[in-house]
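S.K.: Listed below, chain by chain, are the residues.
There are 2 protein chains.
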Amino acid sequence: MPKTPIASRPHDHSHCVHSALSEADVLCARQGLRLTALRRRVLELVWQSHKPLGAYDILAVLSEQDGRRAAPPTVYRALDFLLENGLVHRISSLNAFVGCNHPGHAHQGQFLICRECHAAIELEQKSISDAIISSAKDVGFVVEGQTVEVVGLCSGCQGV
Amino acid sequence: MPKTPIASRPHDHSHCVHSALSEADVLCARQGLRLTALRRRVLELVWQSHKPLGAYDILAVLSEQDGRRAAPPTVYRALDFLLENGLVHRISSLNAFVGCNHPGHAHQGQFLICRECHAAIELEQKSISDAIISSAKDVGFVVEGQTVEVVGLCSGCQGV
DNA sequence: GAGAACGGGTAACATAATAACGTCTCTCAC
DNA sequence: GTGAGAGACGTTATTATGTTACCCGTTCTC
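Each protein sequence line maps, in turn, to chains A and B.
What the first sequence shows, in this note's numbering, is residues 1 to 160, in sequence order.
What the second sequence shows, in this note's numbering, is residues 1001 to 1160, in sequence order.
Everything labelled a hint here was simulated from the structure, so no lab data went into it.
Yeah, the Cβ is synthetic: ideal placement off N, Cα and C, and Gly gets one too.
Any given hint could turn out to be false.
Claimed, not checked - So the derived label-pair ranges between C-beta atoms look like this:
1. B/G1067 <-> A/G32: 50 to 60 Å
2. B/A1071 <-> A/A29: 49 to 59 Å
3. A/E122 <-> B/G1032: 37 to 47 Å
4. A/E122 <-> B/E1122: 24 to 34 Å
5. A/R77 <-> B/S1092: 21 to 31 Å
6. B/D1025 <-> A/R68: 54 to 64 Å
7. B/H1018 <-> A/Q31: 53 to 63 Å
8. A/A71 <-> B/P1073: 27 to 37 Å
As the list claims (entries may be wrong) - The calculated EDC-like cross-link candidates involving lysine to aspartate or glutamate, where the alpha carbons are at most 20 Å apart (straight line), are:
9. B/K1051 <-> A/E144
10. A/K51 <-> A/E124
11. A/K51 <-> B/E1144
12. A/K137 <-> B/E1124
13. B/K1126 <-> A/D138
14. B/K1137 <-> A/D130
15. A/K126 <-> B/D1130
16. B/K1126 <-> A/D130
17. B/K1126 <-> B/E1144
18. B/K1126 <-> B/D1138
19. A/K51 <-> A/E116
20. B/K1137 <-> A/E124
21. B/K1051 <-> B/E1122
22. B/K1137 <-> A/E116
23. A/K137 <-> B/D1130
24. A/K126 <-> A/E144
25. A/K137 <-> B/E1116
26. B/K1137 <-> A/E122
27. A/K126 <-> B/D1138
28. A/K137 <-> B/E1122
Said to hold, decoys possible - Residues from chain B that face chain A, not an exhaustive set, calculated with beta carbons under 10 Å:
29. N1095
30. Q1110
31. R1115
32. Q1125
33. V1139
34. F1141
35. E1144
36. T1147
37. C1154
38. Q1158
With the hints as extra help, turn the sequences into a complete structure.
M.R.: Below, the structure is given as structure tokens:
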């Protein structure tokens, strides 16, 4: 059996979700941030999904499943909060959001997105960001933020 | 005077545009591709702009300036053609398009986007893509396409 | 308890992209 | 030549995504 990264294995990862939420609770408490019910729920939904989740997907769940009267601003405000505080990432090539695997310190990961199962694997490779910063420096450009989104096949979806 | 990359210098670069169009003519002729008037005009507009251009910006020019009756599909079809044949790139973090600086061979560049002057500088650094491919390989991921979009300050906009 | 700050609901709007269908015009085999 | 097929593009409508402006109630602060 080929080894499969966590992110793409179709399993019940409710414990992952739970620990991510607990971690968020701690981090927000420590910084005096208000992880309100709505924000926590949005974070939960993003974590529950095995693939990047669109804002309108979240919206649909809040309306249909939670019975909450939600409109776009509701979702985007919650997402803005989560983004600002490093609890989720935005994948701009998909217009979608994923839970951050390494919250608690400012960073911008790199993402491997499987075109088959749509899982997003977060990396945090210094070698990549260093290569970028160094190449930018060569043309006098100062890097402030990086977007690295890679499409391909995850180990579980190769040769299927 | 600080040295300034071509892309961000506010100069008349009509000769750049002209040579890019000529090059496109040659490339398309060589491959039996039809660089129609519309497609050529869209390519020209993308090149004329000093910054990444949105599809609806192009649409506005076609309608207002050229007097052509254009709707979104018109523009998107032309852009699709140009994208497929490596004549322009799409910047997904901006939902916008830039002319390709190295047409004629398949590649996906890296982009440095100045948050001040909005210029986009295209890189094609093997060191960056190699770092990505190698890190992906470590988790069993096979890379098919890369999106690298970096925000920061170009040399001309620093310390202003 | 006045008032600022914040969270969040509501409506409308703005921007980005696609679907589906029709017409015209090439080109090429015949 | 000519007509069948393919490609380019116009047209209309619709979907997807993201933002603005405004309001209201709660909470925090003094």
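S.K.: Now tell me, hint by hint, if it's right for this structure.
M.R.: Verification of the supplied hints:
At about 58 Å, the beta-carbon gap between B/G1067 and A/G32 stays in the expected band of 50 to 60 Å. Evaluation of the 49 to 59 Å hint for B/A1071 and A/A29 yields a pass: the beta carbon distance comes to about 52 Å. Between A/E122 and B/G1032 the Cβ separation comes to about 43 Å, which falls inside the hinted range of 37 to 47 Å. Between A/E122 and B/E1122 the CB atoms are about 26 Å apart, so this pair conforms to the stated range of 24 to 34 Å.
The supplied range of 21 to 31 Å is met by A/R77 and B/S1092, whose beta-carbon atoms lie about 23 Å from each other. Checked against the hint of 54 to 64 Å, the pair B/D1025 and A/R68 passes, with Cβ atoms roughly 56 Å apart. About 55 Å separates the C-beta atoms of B/H1018 and A/Q31, a value consistent with the hinted range of 53 to 63 Å. At about 29 Å, the beta-carbon gap between A/A71 and B/P1073 stays in the expected band of 27 to 37 Å.
For the given pair, B/K1051 sits about 18 Å from A/E144 by alpha-carbon distance, which is consistent with the 20 Å threshold. In summary, the hint linking A/K51 to A/E124 is supported, as the alpha carbons are separated by about 18 Å, within the 20 Å threshold. Of the supplied pair hints, the one linking A/K51 and B/E1144 holds, its CA atoms being roughly 18 Å apart against a limit of 20 Å. Straight-line distance between C-alpha atoms of A/K137 and B/E1124 comes to about 14 Å, which keeps the hinted pair within the 20 Å bound.
Under the criterion of a C-alpha separation no larger than 20 Å, the hint pairing B/K1126 with A/D138 is consistent with the structure, at around 14 Å. At roughly 18 Å between alpha-carbon atoms, B/K1137 and A/D130 fall within 20 Å of each other, so this suggested pair holds. A hinted pair counts as satisfied when its Cα atoms are at most 20 Å apart, and A/K126 with B/D1130 qualifies at roughly 13 Å. At most 20 Å may separate the alpha-carbon atoms for a hinted pair to count; B/K1126 and A/D130 meet this at roughly 13 Å.
For the suggested pair B/K1126 and B/E1144, the alpha carbons sit about 15 Å apart, so the restraint of at most 20 Å is met. At roughly 18 Å between alpha-carbon atoms, B/K1126 and B/D1138 fall within 20 Å of each other, so this suggested pair holds. About 11 Å separates the Cα atoms of A/K51 and A/E116, which keeps this hinted pair within 20 Å; it holds. Taken as a hint, the B/K1137 and A/E124 pair is honoured in the structure, with Cα atoms around 14 Å apart against an allowance of 20 Å.
At most 20 Å may separate the alpha-carbon atoms for a hinted pair to count; B/K1051 and B/E1122 meet this at roughly 12 Å. With a C-alpha separation of about 17 Å, the suggested pair B/K1137 and A/E116 falls inside the 20 Å cut-off, and the hint holds. Of the pairs offered as hints, the one joining A/K137 and B/D1130 holds, with about 18 Å between alpha carbons and a cut-off of 20 Å not exceeded. Distance hint between A/K126 and A/E144 is fulfilled; the C-alpha atoms sit about 15 Å from each other, no more than 20 Å.
The suggested pairing of A/K137 with B/E1116 holds, with an alpha-carbon distance near 17 Å, which does not exceed 20 Å. Distance check on the hinted pair: B/K1137 and A/E122 sit about 14 Å apart at the alpha-carbon level, within 20 Å; holds. About 14 Å separates the Cα atoms of A/K126 and B/D1138, which keeps this hinted pair within 20 Å; it holds. Among the hinted pairs, A/K137 with B/E1122 is consistent with the structure: their alpha-carbon atoms are about 14 Å apart, no more than 20 Å.
A least Cβ separation of about 9 Å between B/N1095 and chain A falls short of the 10 Å threshold, and the interface hint therefore holds. Look at B/Q1110: its Cβ gets to within about 7 Å of chain A, closer than 10 Å, so that hint holds up. For the restraint placing B/R1115 at the interface with chain A, the shortest Cβ-Cβ distance is roughly 7 Å, inside the 10 Å limit, so the hint holds. Checking B/Q1125 against chain A by beta carbon gives a least distance of about 4 Å; that is within 10 Å, so the hint holds.
For B/V1139, the shortest C-beta to C-beta distance to chain A is roughly 6 Å, which falls under 10 Å, so the interface hint holds. Because the smallest distance between the Cβ of B/F1141 and any Cβ of chain A comes to about 5 Å, under 10 Å, the interface hint for this residue holds. Nearest Cβ of chain A to the Cβ of B/E1144: about 4 Å, under the 10 Å cut. The hint holds. With a cut of 10 Å, the hint placing B/T1147 at the interface with chain A holds, because the nearest CB-to-CB distance is about 4 Å.
Residue-level restraint check for B/C1154 holds (minimum Cβ-Cβ distance to chain A is 5 Å; threshold 10 Å). Hint status for B/Q1158: holds, given a least beta-carbon distance of 6 Å to chain A, under 10 Å.
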